[in-house]
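4 protein chains.
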Amino acid sequence: MNRIRLGMVGGGQGAFIGAVHRMAARLDDRFDLVAGALSSNAARAQASADEIGLSRSYSDYRDMALAEAAREDGIQAVSIVTPNNMHLPMAKAFLEAGIHVICDKPMTATLAEAEELVQIAAGSKALFVLTHTYAGYHMVREARRLVAEGALGKIRMVHVEYVQDWLSEPVTGKQADWRVDPAQSGGGAIGDIGSHAAHLARYTSGLEIEAVAAQLSTFVEGRKVDDDAQMLLRLSGGAKGMLWASQVAPGHENDIRVRVIGDKASVDWCQTRCNELRFAPLGEAPRILTTGGAGFQGQTRVPAGHPEGYLEAFAQIYSDAADAILAGSVPDHLPSLQDGLKGMRFIAASVRSSADDARWTRL
Amino acid sequence: MNRIRLGMVGGGQGAFIGAVHRMAARLDDRFDLVAGALSSNAARAQASADEIGLSRSYSDYRDMALAEAAREDGIQAVSIVTPNNMHLPMAKAFLEAGIHVICDKPMTATLAEAEELVQIAAGSKALFVLTHTYAGYHMVREARRLVAEGALGKIRMVHVEYVQDWLSEPVTGKQADWRVDPAQSGGGAIGDIGSHAAHLARYTSGLEIEAVAAQLSTFVEGRKVDDDAQMLLRLSGGAKGMLWASQVAPGHENDIRVRVIGDKASVDWCQTRCNELRFAPLGEAPRILTTGGAGFQGQTRVPAGHPEGYLEAFAQIYSDAADAILAGSVPDHLPSLQDGLKGMRFIAASVRSSADDARWTRL
Amino acid sequence: MNRIRLGMVGGGQGAFIGAVHRMAARLDDRFDLVAGALSSNAARAQASADEIGLSRSYSDYRDMALAEAAREDGIQAVSIVTPNNMHLPMAKAFLEAGIHVICDKPMTATLAEAEELVQIAAGSKALFVLTHTYAGYHMVREARRLVAEGALGKIRMVHVEYVQDWLSEPVTGKQADWRVDPAQSGGGAIGDIGSHAAHLARYTSGLEIEAVAAQLSTFVEGRKVDDDAQMLLRLSGGAKGMLWASQVAPGHENDIRVRVIGDKASVDWCQTRCNELRFAPLGEAPRILTTGGAGFQGQTRVPAGHPEGYLEAFAQIYSDAADAILAGSVPDHLPSLQDGLKGMRFIAASVRSSADDARWTRL
Amino acid sequence: MNRIRLGMVGGGQGAFIGAVHRMAARLDDRFDLVAGALSSNAARAQASADEIGLSRSYSDYRDMALAEAAREDGIQAVSIVTPNNMHLPMAKAFLEAGIHVICDKPMTATLAEAEELVQIAAGSKALFVLTHTYAGYHMVREARRLVAEGALGKIRMVHVEYVQDWLSEPVTGKQADWRVDPAQSGGGAIGDIGSHAAHLARYTSGLEIEAVAAQLSTFVEGRKVDDDAQMLLRLSGGAKGMLWASQVAPGHENDIRVRVIGDKASVDWCQTRCNELRFAPLGEAPRILTTGGAGFQGQTRVPAGHPEGYLEAFAQIYSDAADAILAGSVPDHLPSLQDGLKGMRFIAASVRSSADDARWTRL
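Chains as they are written, first to last, in the numbering used here: chain A, 1 to 363; chain B, 1 to 363; chain C, 1 to 363; chain D, 1 to 363.
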């Protein structure tokens with residue numbers, strides 16, 4: 001029994017994703033959360049730390065990185081769960097202190113920052129893991145495995161969508177505010193959820209997105225960032241695809257779907273029915289794969305027929321991160337620095353393409 | 001009880017859509033099929049006519065048009081169910097003879113032909129109806145009505161797809177042969193099913209497609225027409241959309257789905273569950289509309305909970321055509337000459353856009 | 001081309017199921033409806049006949065039977081679509097006149113009548129077909145075939161339900177009135193839809209219902225017949241089952257579902273998704289069977305992926321009846337006189353069991 | 001931040017439900033697991049404790065109860081996760097030591113034991129909570145709330161099923177062995193999952209099961225307990241119902257569904273789509289309730305559209321137990337001693353009814 005000592009930056013009172021990271025880290029019992037800079041406001045940081053029973057509270061992440069690195073029982077890894085524009089300086093501080101980084105997505109606010117981060121990470125022995133949560137779903141991994149094993153034949157198309165409605169109208173509040181502020185988020189729907197969609201397309205298909213023809217829109221008047229992104233994709237190996245990410249589509253709470261279609265078969269997964277994977281070989285009856293099927297090769301915490309959900313997917317990323325830390329390297333199936341960089345290139349290319357009347361733009 | 005005397009051109013032995021038209025015409029008992037030129041081969045025409053108990057058989061549609069127009073009990077309307085390249089000359093012959101035309105889609109093989117047909121029709125008192133079958137589904141019409149009544153607010157996005165897999169591999173046979181021969185079909189997936197998808201988008205949203213950025217592909221080697229079409233749409237009123245039509249996507253028998261999304265609500269319809277319409281107002285629980293709900297204003301042949309299908313939708317088009325013929329004009333809700341022309345413009349623009357690297361192309 | 005000359009008794013203006021029978025008879029073009037006693041009121045009969053363009057109208061079914069039997073071009077078959085208490089005398093009149101009978105379900109109003117009808121039919125060379133519509137769905141037939149071929153192994157359980165809500169409150173109107181009048185219907189939910197459910201259980205499983213332990217209820221105050229039936233079943237070969245038929249269950253328009261479960265696999269079909277059959281072999285991924293699958297052995301009018309519905313299922317019964325008439329005998333897959341008798345035994349046993357505190361009662 | 005100190009009895013290496021309890025206790029961070037008698041074998045108990053990093057390991061639960069009660073930092077609550085026949089003595093030991101008990105279901109192996117346990121608990125100030133997991137699903141609670149608030153009107157019917165296939169064939173292994181051994185389990189499907197189904201029916205409907213007419217079956221030859229239970233229910237207030245629990249139904253991994261039907265509306269929930277609740281008011285379109293809807297009054301850990309699953313439901317029971325311990329009493333919405341007793345009466349009545357040819361048997 002060897003839990004990894006974990007710290008957290010961000011995630012104080014009123015924040016959303018920090019608590020999710022903590023549940024994810026806790027579920028599989030691979031981490032001990034022992035330190036945090038939960039807020040840059042010292043009083044708020046302390047109150048937040050007290051509320052969750054955290055022993056060591058900091059208000060400055062740089063202090064935290066240095067202090068923890070100096071302790072014998074200091075944190076081995078840190079979760080960064082702040083607005084995007086803080087990811088780079090924070091990751092830098094911890095990586096340079098030799099502390100592994102588990103960072104929320106998108107990796108940074110800008111592509112330039114992402115490139116800088118890649119440089120920084122190259123100089124550190126510490127690992128960097130990006131929490132593209134959806135890569136933690138067991139059925140997403142089954143999809144990826146089937147594609148990789150050739151069960152779909154040559155991939156023809158990849159269709160992915162990530163559609164929400166929570167920003168359908170002008171919204172304020174801690175969650176909404178920073179996400180629609182370009183200075184903090186670096187972008188809108190394309191960054192917040194488009195980056196997830198793009199990763200999911202790449203992760204399941206095993207292909208790279210080579211170029212995009214994108215139209216980004218801002219449907220809510222006065223909003224400073226895009227809130228809808230629709231685009232055509234060209235992927236490696238000649239595959240074609242479509243991607244839709246929206247935060248302003250009434251009737252869609254958080255609908256994520258990916259379809260990978262080869263010349264022999266297709267797979268179809270959506271988060272609403274996240275415990276199933278539709279696998280349809282050409283000329284045969286479609287099959288509904290679950291964790292109970294003879295062919296299932298993934299991991300699950302509960303017997304077949306007992307649904308897992310979003311937190312379990314998130315926990316999988318954390319458990320994989322624990323394994324990675326123990327092994328000393330980030331495996332292929334875990335979203336990495338390179339995935340983060342590719343995600344930022346995707347965002348940047350989408351923005352450029354959209355500005356240029358949806359012209360095909362290479363990543 | 002006043003059945004309309006109907007003729008048919010095409011639809012002889014071995015054909016597919018002719019028999020479907022006949023069932024559709026028969027279901028609601030509004031037509032008497034009394035004459036046909038079921039094949040251009042006289043013997044085959046006669047054998048086909050005998051098989052279905054048709055009293056008057058022709059082998060030349062021009063002879064048929066003239067002879068029927070001259071009879072007191074001659075046909076009042078004709079169904080044209082041949083490959084696309086024959087639609088123009090046939091429609092011309094019957095329209096000029098004063099016989100109403102019910103024509104399969106797409107309207108013609110080329111845009112030039114479509115424009116010519118519009119001219120010809122303008123000079124005839126006979127009506128022209130296009131069988132965009134999906135406009136006959138009661139729940140598609142409920143979607144259209146809800147949009148028209150403003151229940152969705154201002155339309156933001158329209159997403160439509162029509163996806164098949166029957167041409168996933170090189171295929172031969174009467175059905176496949178003409179559809180993949182550019183001379184007979186005028187195009188591939190974009191014409192055969194893309195035209196349906198485009199109509200469905202327009203029909204439900206009440207918007208016009210103003211421009212497309214399309215990538216057409218031919219995934220099966222050696223095929224002379226496109227077999228997959230993916231595109232971005234710009235619609236009237238600032239709406240944005242995406243359209244996917246494919247005949248080479250394993251696992252998709254004939255999957256049709258349209259989503260219209262406004263700033264107040266969205267509707268979502270797919271053919272697989274054609275008796276339901278998902279209506280989701282912002283901030284409220286999505287509702288599954290059926291023919292049994294208090295709000296249903298459409299027509300159905302059977303009590304709520306008894307599913308109707310494709311043939312019933314097709315029959316609705318025929319019943320509406322019968323009404324139109326009696327009324328002397330084609331109503332808005334019935335696919336018309338103008339819809340056919342717009343469909344051909346859509347196809348032509350898609351082809352041009354695709355040839356020009358997916359550049360935005362106006363219809 | 002040899003259409004069967006058909007008559008109809010019942011189904012005049014204001015009736016429901018008569019029009020459905022006519023559409024069903026018409027769809028596959030195997031019948032010509034030429035005569036009818038659409039109402040016992042002469043004026044109403046004539047007006048109804050005129051409305052649907054029927055050439056020969058009668059007001060007395062006995063006159064009709066005699067007159068038609070005497071004509072060289074008289075009807076070969078008759079559809080009986082009246083309230084249940086008229087089925088016996090009408091079927092008698094036509095069978096004795098040598099005219100084939102296609103009769104709505106349940107076969108009669110009482111078990112004694114059913115037994116009498118069996119005697120009468122034994123003395124006639126004419127056939128008797130019962131329109132248990134759901135036996136006409138192609139996927140119900142695939143279920144039956146899979147069971148018969150042993151794909152499910154030994155059958156363990158059969159679960160069937162037929163649930164409506166249209167009688168949830170006191171209702172009046174032509175449809176409701178006779179159905180809740182014991183003198184005309186012979187019973188309530190158990191007869192009207194329970195008989196369908198029982199047939200569906202037998203039809204798919206290939207087993208006989210040997211005994212029932214039933215509780216019939218009347219939830220709407222003042223109603224003279226049962227409106228809800230819940231029961232346990234014992235079937236041949238040791239299978240156990242449950243059956244629920246209700247007309248007073250809000251939220252269920254007309255939900256029909258049957259599950260047959262063997263020791264090797266199960267099948268699951270519901271009318272809401274009538275074009276699919278879920279086939280789940282033990283230890284393998286469930287498969288969604290459609291008409292497009294390689295294994296499909298049934299009949300369909302349209303290509304895979306184009307949904308058929310209730311009218312197509314009904315039309316299948318009519319087409320099979322046409323085949324039966326031409327062949328001179330009723331095949332196993334078509335609901336017959338014996339099925340009707342077993343249905344009446346099922347109803348009678350259910351009523352007796354319910355009156356005896358749900359005691360196990362043999363059919 | 002005040003975590004409750006928790007112990008566990010059972011749940012050592014090779015066990016299944018113990019690990020699930022631990023994840024459930026951990027997810028919401030309300031408990032610290034500090035002691036355990038994970039096995040009655042001392043070496044195995046120690047190895048199991050080491051594996052999960054447990055500080056205090058016991059091999060005898062009586063020693064544990066006494067020792068922990070004597071410590072100032074002793075456990076405040078214990079989870080009992082052993083075979084059913086050990087529940088009574090273990091609960092007795094801890095309750096008598098003043099330690100709260102969180103016990104897996106069914107409450108005991110026999111009704112007599114359950115009655116004894118109720119007596120014992122009456123003499124203790126410690127609380128008793130039963131882990132009927134499904135009562136922890138947020139949408140199950142929404143169903144319960146809607147019923148309680150009268151949104152369904154007067155309840156007419158309750159239909160519940162819990163269907164598995166993992167015992168479809170003779171199976172051995174730690175999980176299967178004790179469950180099919182009457183001495184350890186006290187029964188088969190009726191106890192293991194029928195008790196869950198009965199609780200779910202009661203929990204959602206707010207009604208008591210007054211009588212059952214049951215047929216229990218053993219489909220797998222040589223098995224000493226029932227593996228399938230089908231029954232009719234009579235519930236308080238005149239409602240009627242049906243319950244099916246099976247462990248031998250191929251194609252059903254762990255399918256749980258409950259429908260509560262009133263005279264004004266119905267609710268329908270199934271575990272496969274556990275984040276949705278279908279709410280269908282009479283005469284209106286059915287609504288798909290989610291956590292994102294305006295009316296949602298429950299608790300969730302993640303934003304709307306992010307699915308929760310079985311572990312989250314289980315965690316809810318634990319969090320509610322934490323609240324109950326702090327409050328000093330078990331609230332209505334948390335499965336209690338009385339629920340456990342009623343569950344045992346349900347099992348006993350079902351067994352008696354089945355032995356008496358499905359005669360109606362009062363609980």
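To be clear, the hints were calculated from the coordinates, so they are not data collected in a lab. There's no promise every hint is true.
Intra- or inter-copy, both count: the list cannot distinguish identical chains.
Once the Cα atoms are required to be at most 27 Å apart in a straight line, the calculated DSS-like pairs of lysine-lysine come out as [stated by the list, open to error]:
1. 154 with 224
2. 154 with 92
3. 92 with 342
4. 224 with 125
5. 224 with 264
6. 92 with 264
Results of checking the hints against the structure:
Taking the closest pair of Cα atoms, residue 154 and residue 224 come within 27 Å of each other only across two copies (20 Å); inside a single copy the shortest separation is 41 Å, beyond that limit. For the identical chains of this complex, residue 154 and residue 92 are neighbours neither inside a copy (40 Å) nor across copies (46 Å), given an alpha-carbon limit of 27 Å. With identical chains, the CA atoms of residue 92 and residue 342 are at most 27 Å apart within one copy only, with a shortest distance of 19 Å there and 56 Å across copies. For the identical chains of this complex, residue 224 and residue 125 are neighbours neither inside a copy (39 Å) nor across copies (55 Å), given an alpha-carbon limit of 27 Å.
Within a single copy, residue 224 and residue 264 get their C-alpha atoms only as close as 44 Å, which misses the 27 Å cut-off; across copies the closest is 21 Å, which meets it. When the C-alpha separation of residue 92 and residue 264 is checked against a cutoff of 27 Å, the pair qualifies neither within a copy, at 45 Å, nor between copies, at 44 Å.
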